[in-house]
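A.B. asks: Residue-level listing of the chains:
Number of protein chains: 2
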Amino acid sequence: MSKFWSSMVKRTEPYVPGEQIEQKDIVKLNTNENPYPPSPKVIAAIQQEMGRNLQLYPSPTATELRETIGLQYGLTAEEVFVGNGSDEVLAFSFMAFFEPGKPIRFPDVTYSFYPVYAKLFDIPYEEVPLNKDFTLPVDNYFQSEGGVILPNPNAPTSIYAELEHIEEIVKNNPDQVVIIDEAYIDFASKSATELIRKYDNVLVVQTTSKSRSLAGLRVGFAMGAPSLIAALIRIKDSFNSYTLDRLALVGAKAAFEDEDYFEKTTQKIIATREKMNETLQQLNFNVLPSQANFVFTSHQTVPAEFLYNELKKEGVLVRYFNKPGIDNYLRITVGTDEQVERLVEKLTDILNL
Amino acid sequence: MSKFWSSMVKRTEPYVPGEQIEQKDIVKLNTNENPYPPSPKVIAAIQQEMGRNLQLYPSPTATELRETIGLQYGLTAEEVFVGNGSDEVLAFSFMAFFEPGKPIRFPDVTYSFYPVYAKLFDIPYEEVPLNKDFTLPVDNYFQSEGGVILPNPNAPTSIYAELEHIEEIVKNNPDQVVIIDEAYIDFASKSATELIRKYDNVLVVQTTSKSRSLAGLRVGFAMGAPSLIAALIRIKDSFNSYTLDRLALVGAKAAFEDEDYFEKTTQKIIATREKMNETLQQLNFNVLPSQANFVFTSHQTVPAEFLYNELKKEGVLVRYFNKPGIDNYLRITVGTDEQVERLVEKLTDILNL
Numbered sequence: 001m002s003k004f005w006s007s008m009v010k011r012t013e014p015y016v017p018g019e020q021i022e023q024k025d026i027v028k029l030n031t032n033e034n035p036y037p038p039s040p041k042v043i044a045a046i047q048q049e050m051g052r053n054l055q056l057y058p059s060p061t062a063t064e065l066r067e068t069i070g071l072q073y074g075l076t077a078e079e080v081f082v083g084n085g086s087d088e089v090l091a092f093s094f095m096a097f098f099e100p101g102k103p104i105r106f107p108d109v110t111y112s113f114y115p116v117y118a119k120l121f122d123i124p125y126e127e128v129p130l131n132k133d134f135t136l137p138v139d140n141y142f143q144s145e146g147g148v149i150l151p152n153p154n155a156p157t158s159i160y161a162e163l164e165h166i167e168e169i170v171k172n173n174p175d176q177v178v179i180i181d182e183a184y185i186d187f188a189s190k191s192a193t194e195l196i197r198k199y200d201n202v203l204v205v206q207t208t209s210k211s212r213s214l215a216g217l218r219v220g221f222a223m224g225a226p227s228l229i230a231a232l233i234r235i236k237d238s239f240n241s242y243t244l245d246r247l248a249l250v251g252a253k254a255a256f257e258d259e260d261y262f263e264k265t266t267q268k269i270i271a272t273r274e275k276m277n278e279t280l281q282q283l284n285f286n287v288l289p290s291q292a293n294f295v296f297t298s299h300q301t302v303p304a305e306f307l308y309n310e311l312k313k314e315g316v317l318v319r320y321f322n323k324p325g326i327d328n329y330l331r332i333t334v335g336t337d338e339q340v341e342r343l344v345e346k347l348t349d350i351l352n353l
Numbered sequence: 001m002s003k004f005w006s007s008m009v010k011r012t013e014p015y016v017p018g019e020q021i022e023q024k025d026i027v028k029l030n031t032n033e034n035p036y037p038p039s040p041k042v043i044a045a046i047q048q049e050m051g052r053n054l055q056l057y058p059s060p061t062a063t064e065l066r067e068t069i070g071l072q073y074g075l076t077a078e079e080v081f082v083g084n085g086s087d088e089v090l091a092f093s094f095m096a097f098f099e100p101g102k103p104i105r106f107p108d109v110t111y112s113f114y115p116v117y118a119k120l121f122d123i124p125y126e127e128v129p130l131n132k133d134f135t136l137p138v139d140n141y142f143q144s145e146g147g148v149i150l151p152n153p154n155a156p157t158s159i160y161a162e163l164e165h166i167e168e169i170v171k172n173n174p175d176q177v178v179i180i181d182e183a184y185i186d187f188a189s190k191s192a193t194e195l196i197r198k199y200d201n202v203l204v205v206q207t208t209s210k211s212r213s214l215a216g217l218r219v220g221f222a223m224g225a226p227s228l229i230a231a232l233i234r235i236k237d238s239f240n241s242y243t244l245d246r247l248a249l250v251g252a253k254a255a256f257e258d259e260d261y262f263e264k265t266t267q268k269i270i271a272t273r274e275k276m277n278e279t280l281q282q283l284n285f286n287v288l289p290s291q292a293n294f295v296f297t298s299h300q301t302v303p304a305e306f307l308y309n310e311l312k313k314e315g316v317l318v319r320y321f322n323k324p325g326i327d328n329y330l331r332i333t334v335g336t337d338e339q340v341e342r343l344v345e346k347l348t349d350i351l352n353l
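Line by line, the protein sequences are chains Z and X. Following the UniProt record's numbering, the numbering of the first sequence begins with 1 at its first residue and continues without gaps. Following the UniProt record's numbering, the numbering of the second sequence begins with 1 at its first residue and continues without gaps.
Isolated chain Z, as found in the complex:
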């Protein structure tokens, strides 16, 4: 602490991201990245842009990328906002739609960045307990004073809430913004984007970091009614005119244009997930029903923290949260089939099976 720190710095409790270890022989299943590289068309687009005008500012409006994303969902550029990863988009959303003095609601077990934003921007919050089976207690989100933010599928639980339940929450908060954080939606069932033309208070946030294999490029986006998008643009233009660099803009655009590659890699991950679920169950793990690119799992007899540490010694990184209610669970990213085999091999050794 220093006398120069503002009250804002003093009240922060920063987020701690999963470890980023760059080591060839490590099996990295701790930060829910895609195990497959981005589409070759992404690389080609960046390649081409690289030789052009890197000395000039990028487009401050990012209109082309917003149009391309909009096309995927039947939306116009005015209904799409883009930012430096969905984390930046979420930060801007907290600034744009939530208010000091008015408590917002999110699940007690959820993306641990939400309370971090809330503290930063001095927004009070209620952590709504999940049901015992980690599903969403839908009614408890009705008539919130300050708004709602929910991931769907939820993280780290991997559980998807049916769209009709999401719609109930949106409908029962007519004067507040409901943010649906769909980082993992492409591995799940229906997106809430189809509610956008029906409700003016729903904001759907997505990312290219998971299903589009672009965690290294930092491109997230939000979709909603034009008046919500306009608010995000006002915040962005009061903060940083150009949040996406030239290479990220063209790379993300190319990723959305290569639908085939996206379908192929997404289906591969879903197939691996289902196999992984079965195998883990054979090793006496309980596995929550995942609709994400990770599983949330607890062993019937061996403590999660022990498994986390032993796996780490063996070069397999998974994520462990030392948090009440989930401190006997591991969150494990769905990797390639080979990575999952390595995981299972090591787990079998550790469990002495």
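No lab work stands behind these hints: they were computed from the structure. Just so you know, not all the hints are guaranteed correct.
Note: identical chains are not told apart, hence a pair may lie in one copy or across any two.
To be verified - Quick list of in silico lysine to aspartate or glutamate cross-link-like pairs, EDC-like style, CA-CA up to 20 Å: (1) K268 with E341; (2) K3 with E99; (3) K268 with D327; (4) K24 with E64; (5) K3 with D175; (6) K3 with E78; (7) K3 with E145; (8) K24 with D122; (9) K171 with D200; (10) K3 with D200; (11) K102 with D122.
We have chain Z already, so just place chain X on it with the hints.
C.D. replies: Then chain X, alone, in the frame of chain Z:
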């Protein structure tokens, strides 16, 4: 305005960046970019990184880049912060060091993003009038209540304040942070970085967008005492874990490593600036003594707004600010010799010389 907008959105008055027109035949002298492309070593570094792990998150700490920048200035990584352009670094600095209720000070003629940040974060401010000759009234910055932010060289005036004056301001605000925004310092005399080890309240902000030819890549940085840098890291880690993508991280690092290229292009721009000054004076312009990569100039008889519009019709973009005190000035970026020739040719036509 929508009922869903927070009080923060409502009070914003967003910044309007200079036009970004992507047209081959245009002479773009309106946003102070470098007319030369980045070093070939930057391109090579990005090229190499592109084939590697774009699907994985970048380093959240950016330690390698911070070390590389630190080396240039005899500082450690703990004394360097990096962000998504100096605009993001400035936004984080407003959050980290300035306080609602405590007025900060900046010049009345300066970078027009400062009042935008102040409004966003609800920080009161005093606009300290520049002297008649656009120099800094040093004493008027002493004993500020909430802190000071100043560009040096100033923008859009291009005028550099001697380091001893900057030091006076730092020394006379012992309990407040003084931010020196050195976006253009590489075209000027001494940087305030040499004050960092002497004073714990000075933060020096720089960018790769001007002298390093990387406006399109979005990399800015701040240097200061470790306790100031720690505050910026806390804010960033409460906002967005990964603000710099993989390509920007390696590209910026390579730019700092190619000292020769940097020296050569910077010296070329300074030489062109001096020629441009002389030529403009021959066309009856008054030109302020520039230590930046742009000039600030007023014609002795023809209004600036007229010249701005006529130049635009002729495909030459410069920047005009319709603001009291400077509404008869043009801010013109120093381009290549060829671009400056085109500018002079068009000006000669317009002035009917």
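A.B. asks: What label fits K3 with E99 when the C-alpha limit is 20 Å: within, between, both, or neither?
C.D. replies: Answer is between; shortest inter-copy Cα gap is 12 Å, intra-copy 27 Å.
A.B. asks: When no copy is named, should K3 and E145 be tagged within, between, both, or neither for a Cα gap of at most 20 Å?
C.D. replies: between (35 Å within a copy, 14 Å between copies)
A.B. asks: Could you place K3 and D175 in one of the four classes (within, between, both, neither) given a Cα distance threshold of 20 Å?
C.D. replies: Intra 40 Å, inter 8 Å, cutoff 20 Å: inter-copy only.
A.B. asks: Please work out whether the CA atoms of K3 and D200 approach to 20 Å or closer within one copy, between two copies, in both situations, or in neither?
C.D. replies: Answer is between: at 10 Å across copies they meet the 20 Å cutoff, but 44 Å inside does not.
A.B. asks: Is it within, between, both or neither when you check K24 against D122 at 20 Å Cα-Cα?
C.D. replies: Neither way: K24 and D122 sit 41 Å apart in one copy and 47 Å across, limit 20 Å.
A.B. asks: For K171 and D200, with the copy left unspecified, which applies at a CA distance of at most 20 Å: within, between, both, or neither?
C.D. replies: within (10 Å within a copy, 52 Å between copies)
A.B. asks: How would you classify K268 and E341 at a CA-CA limit of 20 Å: within, between, both, or neither?
C.D. replies: within (15 Å within a copy, 58 Å between copies)
A.B. asks: At most 20 Å between C-alpha atoms: does K268 with D327 qualify within a copy, between copies, both, or neither?
C.D. replies: neither (30 Å within a copy, 61 Å between copies)
A.B. asks: Pop the pair K3 and E78 into one bin, within, between, both or neither, using alpha-carbon distances up to 20 Å.
C.D. replies: Result: close only across copies, 18 Å inter versus 43 Å intra.
A.B. asks: As a check of your reading, is K24 near E64 (CA-CA no more than 20 Å) within one copy, between copies, both or neither?
C.D. replies: Result: close only across copies, 18 Å inter versus 36 Å intra.
A.B. asks: Using 20 Å as the alpha-carbon threshold, which applies to K102 and D122: within, between, both, or neither?
C.D. replies: both (10 Å within a copy, 18 Å between copies)
In summary, the numbered hints that this structure violates are 3, 8.
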